[in-house]
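Colleague: Sequence:
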Amino acid sequence: GLRIDAIASGGTVRGPRLDAEVLPGGGDWLELAGDGIARMDVRATFRATDGGVIHYRSAGRIVLTDEARERFLAGGTVGAGELYGRAAPLFETAAEPHRWLNGILAVGRVVELSQRHIHYQLFVVE
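So the sequence shown is numbered by this note's numbering: it starts at 341 and just counts up by one.
Check before you lean on any hint, since a few could be wrong.
[Said to hold, decoys possible] Label-pair ranges, simulated between beta-carbon atoms:
#1 V447 with T352: 18 to 28 angstroms
#2 V447 with G365: 17 to 27 angstroms
#3 A434 with D375: 23 to 33 angstroms
#4 Y424 with V464: 15 to 25 angstroms
#5 G350 with I444: 16 to 26 angstroms
#6 D406 with R439: 40 to 50 angstroms
#7 I377 with E452: 16 to 26 angstroms
#8 G365 with R401: 23 to 33 angstroms
Bear in mind the hints are in silico, worked out from the structure with no lab data behind them.
Just so it is clear, CB atoms sit at the ideal spot from N, CA and C, and this is done for glycine as well.
Required output: the full structure, derived from the provided sequences and hints.
Modeller: So this is what it looks like as structure tokens:
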């Protein structure tokens, strides 16, 4: 397979209960295996608009068609209709307003993927 170390330079988190920025320095240690499945190992730190710090980690899988894989490797963008991508995020924080994140089970859906960015939709399982 092929390994890609994508170091985060920033980003945003927007939702009904959390608005935050992705701090530089985390990243995705992605393995593109010969079976066409990308294995994600994501670590990041968020800073909420109220200053609270949240650690994020996630494992997941992205299944790409051969065409989508080649476009991704060439630097292009792959959309949700061209991939199956799911993630299992976990959160850790001591920030009181966000401690609810410590106890949730969430799933993520990869909506868009490129070597420059990844866009997820995250959902709390209730």
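Colleague: Confirm or reject each hint.
Modeller: Going down the list of hints, with the structure as the test:
no.: 1; hint: V447 with T352: 18 to 28 angstroms; result: 20 angstroms, holds
no.: 2; hint: V447 with G365: 17 to 27 angstroms; result: 25 angstroms, holds
no.: 3; hint: A434 with D375: 23 to 33 angstroms; result: 40 angstroms, violated
no.: 4; hint: Y424 with V464: 15 to 25 angstroms; result: 21 angstroms, holds
no.: 5; hint: G350 with I444: 16 to 26 angstroms; result: 24 angstroms, holds
no.: 6; hint: D406 with R439: 40 to 50 angstroms; result: 44 angstroms, holds
no.: 7; hint: I377 with E452: 16 to 26 angstroms; result: 18 angstroms, holds
no.: 8; hint: G365 with R401: 23 to 33 angstroms; result: 24 angstroms, holds
The structure shown violates just one earlier hint, number 3.
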